[in-house]
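J.: Residue-level listing of the chains:
Number of protein chains: 2
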Amino acid sequence: MIKIDNYSDIVGENVITSIYKKMRKLYGKHVLNINSTYIGGGVAEILSSLIPLMNDVGIDAGWRTVHGNVDFYGVTKKFHNALQGQAINFSQEKKNLYEQVNRRFSRYTHINDHDIVVIHDPQPLPLIQQYTKRQPWIWRCHIDLSAPNKDLWNYLKRFIIKYDMIIVSSEKYESKDLPMEYRIIPPAIDPLTDKNKQISDTIINKYLKKHDVPTDKPLITQISRFDKWKDPEGVVEVFRRVKDKCENCRLVLCGNMATDDPEGLRIFEKIMSKAKKMIDKKEIILLTVENSILVNALQRKSAVIIQKSLREGFGLTVTEGLWKERPVIASNVGGITLQIQDGENGYLLEPNDIDGYVDRTLEILKNPSLSQELGKKGKETVRKKFLITRILVDYLDLFNDISS
Amino acid sequence: MIKIDNYSDIVGENVITSIYKKMRKLYGKHVLNINSTYIGGGVAEILSSLIPLMNDVGIDAGWRTVHGNVDFYGVTKKFHNALQGQAINFSQEKKNLYEQVNRRFSRYTHINDHDIVVIHDPQPLPLIQQYTKRQPWIWRCHIDLSAPNKDLWNYLKRFIIKYDMIIVSSEKYESKDLPMEYRIIPPAIDPLTDKNKQISDTIINKYLKKHDVPTDKPLITQISRFDKWKDPEGVVEVFRRVKDKCENCRLVLCGNMATDDPEGLRIFEKIMSKAKKMIDKKEIILLTVENSILVNALQRKSAVIIQKSLREGFGLTVTEGLWKERPVIASNVGGITLQIQDGENGYLLEPNDIDGYVDRTLEILKNPSLSQELGKKGKETVRKKFLITRILVDYLDLFNDISS
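Note that the protein sequences, when read in sequence, are chains A and B.
Just so we're aligned: the first sequence equals residues 150 to 553 in our numbering.
Just so we're aligned: the second sequence equals residues 150 to 553 in our numbering.
Bear in mind the hints are in silico, worked out from the structure with no lab data behind them.
Keep in mind it's a predicted model, so treat the numbers as computed, not measured.
Among the clues, some could well be false.
Pairs count within a copy or across copies, as identical chains cannot be separated in the list.
[Said to hold, decoys possible] Capping the alpha-carbon separation at 20 Å, the derived lysine to any residue pairs in SDA-like fashion look like this: (1) K178 x D262; (2) K526 x E493; (3) K282 x L357; (4) K325 x N261; (5) K152 x R253; (6) K299 x D543; (7) K243 x C398; (8) K227 x H179; (9) K325 x T281.
With the sequences and hints as input, model every part of the structure.
T.: If you want it as structure tokens, here you go:
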């Protein structure tokens with residue numbers, strides 16, 4: 150079971166003590182969280198740790214997921230992409246489905262007796278329209294909002310302005326045209342989950358063997374959903390060029406499919422056909438299996454971890470890589486810039502700087518002591534700023550402020 | 150939106166009036182429903198109509214779904230099969246996962262302020278162990294419990310006995326070894342959903358064309374998940390023999406995949422390879438698309454509807470077929486025997502009576518007036534006994550009894 154006391158050795162007793170202090174006026178508060186999925190993707194992962202932790206320290210935190218259908222998730226996936234700047238065919242039909250699913254869900258979701266409501270991401274955003282407000286509502290958006298599609302933003306604003314506060318992952322996502330109260334809460338990882346906990350070399354090797362990942366050559370990995378914003382095709386291109394200069398490596402692309410992401414399969418199949426030869430020769434290994442210990446093992450065994458995102462809310466896989474003391478090369482987009490200081494605890498590059506990615510990868514492959522140094526500093530960065538206990542602290546501060 | 154008044158024309162004003170009478174002592178009661186999925190499968194369908202209806206008449210009915218993972222649903226699918234009599238490798242590991250998911254879910258599912266809790270099917274059954282009971286708990290089991298696997302039943306009993314009442318779909322599922330209060334509530338269909346509402350011939354033909362179902366020959370259909378208990382392979386065998394005597398027909402097998410059913414894909418692929426030739430020739434059409442209007446269109450266009458289940462909780466697809474005034478040939482298992490009176494409003498056969506299935510299919514194909522007569526009586530059976538408003542009435546009676 151998830152208990153706050155178990156984090157004491159990792160984050161220090163001072164942090165645990167401060168959490169109990171912040172709880173003094175919050176015991177028994179009823180906080181309702183609503184998002185779109187309880188499995189797959191970074192948001193579900195954070196909530197899976199954060200919500201039990203809130204309950205462990207004394208908040209009655211609930212967690213519900215909107216009851217959508219395939220069409221609804223198709224629409225909200227498009228919204229997600231458009232909020233990150235992509236064009237969208239913004240039809241009345243999409244709006245209708247979006248609002249209708251929320252209206253239906255509201256029919257049997259009774260929230261009068263909650264003290265605070267936290268709505269995560271755009272899927273349940275219109276819910277607020279369905280209730281007579283009797284408590285503060287907070288919109289927690291995990292998406293890169295630095296350049297949202299205008300039409301969509303104008304449409305969503307009618308829901309957003311009803312909220313009392315917006316939480317985003319970086320100051321860059323604050324919108325000038327909304328005179329609202331913003332809070333910055335960068336995401337974080339849970340160091341005690343299967344994906345991040347310490348595991349032995351025996352277990353690492355067992356899992357890699359079980360999933361047919363050869364360990365005879367150094368591994369370059371990107372752990373990310375098969376999604377255009379994660380640019381897996383770009384990673385394949387980088388690897389192609391690295392391979393020209395250094396035979397001694399393999400690429401692993403490992404990505405699960407979120408239940409609210411119908412696009413994933415299509416992109417996966419594109420990679421499959423584009424890189425067929427290298428896949429057949431096992432120079433490139435594609436994994437879609439959903440297994441946290443496998444991801445943990447892959448990250449710990451990686452010689453180089455890449456995160457070549459074109460856009461990124463925060464980049465939790467970067468956090469995970471850093472936590473495992475591995476060298477991470479990543480794009481200078483979204484929250485990644487909060488995590489990596491170029492040349493200090495990893496490398497930052499322009500998303501389309503293929504040459505840069507190739508050079509940095511080769512540099513690390515040839516220099517084990519550089520790799521160790523970057524990794525060590527990376528882990529400290531995460532310990533200080535990006536562990537789940539810090540999110541808990543941020544929420545407790547926010548709940549105290551909004552209740553007083 | 151789902152409103153009780155919209156059912157008045159179909160079920161009559163007396164039914165609506167009696168519902169309002171039964172509500173008198175129930176206004177504002179907080180009833181929590183918990184099941185395993187909000188999409189796919191008969192239970193999710195019933196709840197999608199029933200829970201908004203409860204809210205419409207004045208009960209604050211909530212609906213949550215247990216937060217399981219792939220492994221959990223793998224285990225509960227095996228439990229489901231074992232409750233229907235199949236053998237199970239009943240390991241401690243399975244029990245642990247089953248209880249652990251429920252324990253975790255209980256951490257953030259707060260139910261103290263609910264007046265009644267209704268738990269649906271085995272997936273969330275152990276939840277009751279996690280709470281100090283402060284209200285009546287009801288276990289609503291939709292499965293055929295006439296011959297459950299002994300080991301599993303003995304294990305599950307420890308949870309079941311904590312409940313105040315068990316609802317099953319037929320008297321046959323009452324267990325002699327549990328001295329508990331049983332209620333019989335057969336399932337039902339919602340006549341106003343996309344799957345069951347009246348649709349025009351234009352729409353029927355449009356949907357069949359869109360999904361490549363030829364309408365030049367009479368259609369024999371089975372609408373059912375690809376699941377061994379639905380015996381789709383047996384249906385293919387029946388069709389093979391029908392085809393030998395009557396060229397002028399096609400078979401359609403149409404089944405969606407429930408999100409809690411990892412077995413579905415495997416069985417689908419088996420059929421694909423076993424009936425490859427007939428599928429290539431379009432004599433057999435397999436559809437896995439999830440579209441309620443398509444199912445509606447298929448049922449309304451069918452010359453013969455088959456439901457060759459080996460086991461069946463109730464058999465909602467039979468109800469749907471009868472409601473569309475079509476002749477239904479089905480196995481005399483589970484709740485199907487409550488719906489069909491052999492030779493009156495359809496045909497009942499032993500599940501393995503392939504010859505019988507072949508003969509009855511040929512008989513109907515050759516005799517349109519027989520087909521019409523059976524269909525008419527079938528629709529009346531459903532109107533009287535198996536529409537969603539009757540379930541609502543049954544629950545209101547139960548809530549009144551358990552609250553008094």
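J.: Each of the hints needs a verdict: does it hold here or not?
T.: So, going through the hints one by one against the coordinates:
| no. | hint | verdict |
| --- | --- | --- |
| 1 | K178 x D262 | both (10 Å within a copy, 14 Å between copies) |
| 2 | K526 x E493 | within (7 Å within a copy, 79 Å between copies) |
| 3 | K282 x L357 | neither (51 Å within a copy, 46 Å between copies) |
| 4 | K325 x N261 | neither (32 Å within a copy, 43 Å between copies) |
| 5 | K152 x R253 | between (35 Å within a copy, 12 Å between copies) |
| 6 | K299 x D543 | neither (30 Å within a copy, 51 Å between copies) |
| 7 | K243 x C398 | neither (46 Å within a copy, 40 Å between copies) |
| 8 | K227 x H179 | neither (33 Å within a copy, 36 Å between copies) |
| 9 | K325 x T281 | neither (28 Å within a copy, 49 Å between copies) |
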